[in-house]
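Letter by letter, the chains look like this.
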Amino acid sequence: MDRRSFLKTTALATAGLTFGSSILFHSNAAELVDSPPPKKPYDEALKEITKGKSVSDSDKVKLVAPEIAENGAVVPITVEVELPIEQVKAIHILADKNWNARTMSVYFTPANGKAYISTRIRLAETMNVVAIAELADGTFIKAQKPVKVTIGGCG
Amino acid sequence: MPRSAMVKISPKDYKKDDLIQISTVIMHPMDTGLVKDKETGKYIAANYINLVEVFYGDEKITTMELSGSVSANPFISFYIKATKSAPLKIVWKDNKGDVTEKVIDIKV
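Just so you know, the sequences run in chain order A and B.
Heads up, the first sequence is in the numbering used here, so the first residue is 8 and it goes up one at a time.
Heads up, the second sequence is in the numbering used here, so the first residue is 1310 and it goes up one at a time.
Among the hints, erroneous ones may be present.
Said to hold, decoys possible - Sample of chain A residues with no beta-carbon within 12 Å of chain B, all distances over it, derived:
| no. | residue |
| --- | --- |
| 1 | T146 |
| 2 | A150 |
| 3 | K152 |
Stated by the list, open to error - Derived pair list, reagent style PhoX-like, types lysine-lysine, alpha-carbon separation capped at 20 Å:
| no. | chain 1 | residue 1 | chain 2 | residue 2 |
| --- | --- | --- | --- | --- |
| 4 | A | K67 | A | K104 |
| 5 | B | K1390 | A | K121 |
| 6 | B | K1351 | A | K121 |
| 7 | B | K1398 | B | K1345 |
| 8 | A | K121 | A | K54 |
| 9 | B | K1402 | B | K1324 |
| 10 | B | K1324 | B | K1405 |
| 11 | A | K121 | B | K1345 |
| 12 | B | K1325 | B | K1390 |
| 13 | B | K1369 | A | K96 |
| 14 | A | K46 | B | K1345 |
| 15 | A | K121 | B | K1347 |
| 16 | A | K46 | B | K1321 |
| 17 | A | K121 | A | K47 |
| 18 | A | K67 | A | K155 |
| 19 | B | K1390 | A | K96 |
| 20 | A | K149 | B | K1321 |
| 21 | A | K60 | B | K1345 |
| 22 | A | K121 | B | K1369 |
| 23 | A | K121 | A | K58 |
| 24 | A | K47 | A | K60 |
Worth flagging that the hints you see were computed from the coordinates, not collected in a lab.
Values in this document were obtained by computation on a predicted structure and should not be read as measured data.
Even for Gly, the Cβ is constructed at its ideal location relative to N, Cα and C.
Assemble the whole structure, with the sequences as input and the hints as a guide.
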């Protein structure tokens, strides 16, 4: 795989979701249902992850998110935990006002070499993005950042 | 139906035990289930990738759980430590049972 073809696909992906995800993907008769999926608010998502344990703020968790996201459908988020990979079990990304606040969970092994994840998420409105690191000793640390959203991204 | 996906390694000229960044993109609408169909007023069913697994050789090294809050055509980037020459397999699964696999070779 060369750089050119990768960029091409990435560009195509971005173009696709900016201009026509509905045209490109929904045209082949999407399944319709009567009700939306169950809501998972932030408190519930947090409890699911921590099982009620406390989460302390830590500068070891580096959360990179834009201050203002013009398009809530594509908000780049990068999380890195500045601890040896052996000490980090997982990174959880939460968006505190989304319908499903639990956005993504990444479970690492030492083979990763580095507790790092970069992705793009949806934000329905202006809210906090919270990155929680689950450590091998069973404790939790977090960082959070408010992101201003001009156009919501969850439909 | 497998979907089109891309995997890129950076840097390309890595050596044994280097940390290398793996960047991936898969074409998927990531329907949240919250969008209403304009004609019928019903909801477009949730259809999103909920699991991404990374295998390095025989070992599963990373597991990712996703929700509909991840953007369409999910981009995911992470690191691995290039400890051995082995295939790196990335498997995307969605909530409707759709599976896509992509394999690249790590050579050290």
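Hints and how they fare:
In this structure T146/A is separated from chain B by more than 12 Å, as the shortest Cβ-Cβ distance comes to about 21 Å. Listed as outside the interface, A150/A is consistent with that label: its C-beta sits roughly 18 Å from the nearest C-beta of chain B, beyond the 12 Å cut-off. Distance to chain B confirms K152/A as a non-interface residue, since its nearest Cβ pair spans about 16 Å, more than 12 Å. For the suggested pair K67/A and K104/A, the alpha carbons sit about 24 Å apart, so the restraint of at most 20 Å is broken.
Straight-line distance between C-alpha atoms of K1390/B and K121/A comes to about 8 Å, which keeps the hinted pair within the 20 Å bound. For the hint pairing K1351/B with K121/A, the CA-to-CA distance comes to about 44 Å; that exceeds 20 Å, so the pair is violated. Simply put, K1398/B and K1345/B have alpha-carbon atoms about 36 Å apart, too far for the 20 Å limit, and the pair is violated. Between K121/A and K54/A the CA atoms are separated by roughly 26 Å; this puts the pair beyond 20 Å, and the hint is violated.
At most 20 Å may separate the alpha-carbon atoms for a hinted pair to count; K1402/B and K1324/B exceed this at roughly 31 Å. Among the hinted pairs, K1324/B with K1405/B is inconsistent with the structure: their alpha-carbon atoms are about 39 Å apart, more than 20 Å. A C-alpha spacing of about 40 Å is found between K121/A and K1345/B, which places the hinted pair above 20 Å, so the restraint is violated. Using a Cα cut-off of 20 Å, the hinted pair K1325/B and K1390/B holds, with the two alpha carbons roughly 8 Å apart.
Between K1369/B and K96/A, the direct Cα distance comes to roughly 14 Å. Compliance with the 20 Å bound is thereby established for this hinted pair. With a CA separation close to 16 Å, the supplied pair K46/A and K1345/B stays within the 20 Å bound. Between K121/A and K1347/B, the direct Cα distance comes to roughly 45 Å. Violation of the 20 Å bound is thereby established for this hinted pair. The straight-line distance between the Cα atoms of K46/A and K1321/B is roughly 43 Å, outside the 20 Å bound, and the hint therefore fails.
Simply put, K121/A and K47/A have alpha-carbon atoms about 30 Å apart, too far for the 20 Å limit, and the pair is violated. Pair hint K67/A plus K155/A does not hold up; C-alpha atoms about 24 Å apart against a cutoff of 20 Å. Distance check on the hinted pair: K1390/B and K96/A sit about 16 Å apart at the alpha-carbon level, within 20 Å; holds. Under the criterion of a C-alpha separation no larger than 20 Å, the hint pairing K149/A with K1321/B is inconsistent with the structure, at around 33 Å.
Pair hint K60/A plus K1345/B does not hold up; C-alpha atoms about 37 Å apart against a cutoff of 20 Å. At roughly 16 Å between alpha-carbon atoms, K121/A and K1369/B fall within 20 Å of each other, so this suggested pair holds. The straight-line distance between the Cα atoms of K121/A and K58/A is roughly 25 Å, outside the 20 Å bound, and the hint therefore fails. For the proposed pair K47/A and K60/A, the alpha carbon gap of about 19 Å is at most 20 Å, so the pair holds.
In terms of the numbered hints stated before, the structure departs from hints 4, 6, 7, 8, 9, 10, 11, 15, 16, 17, 18, 20, 21, 23, listed from lowest to highest.
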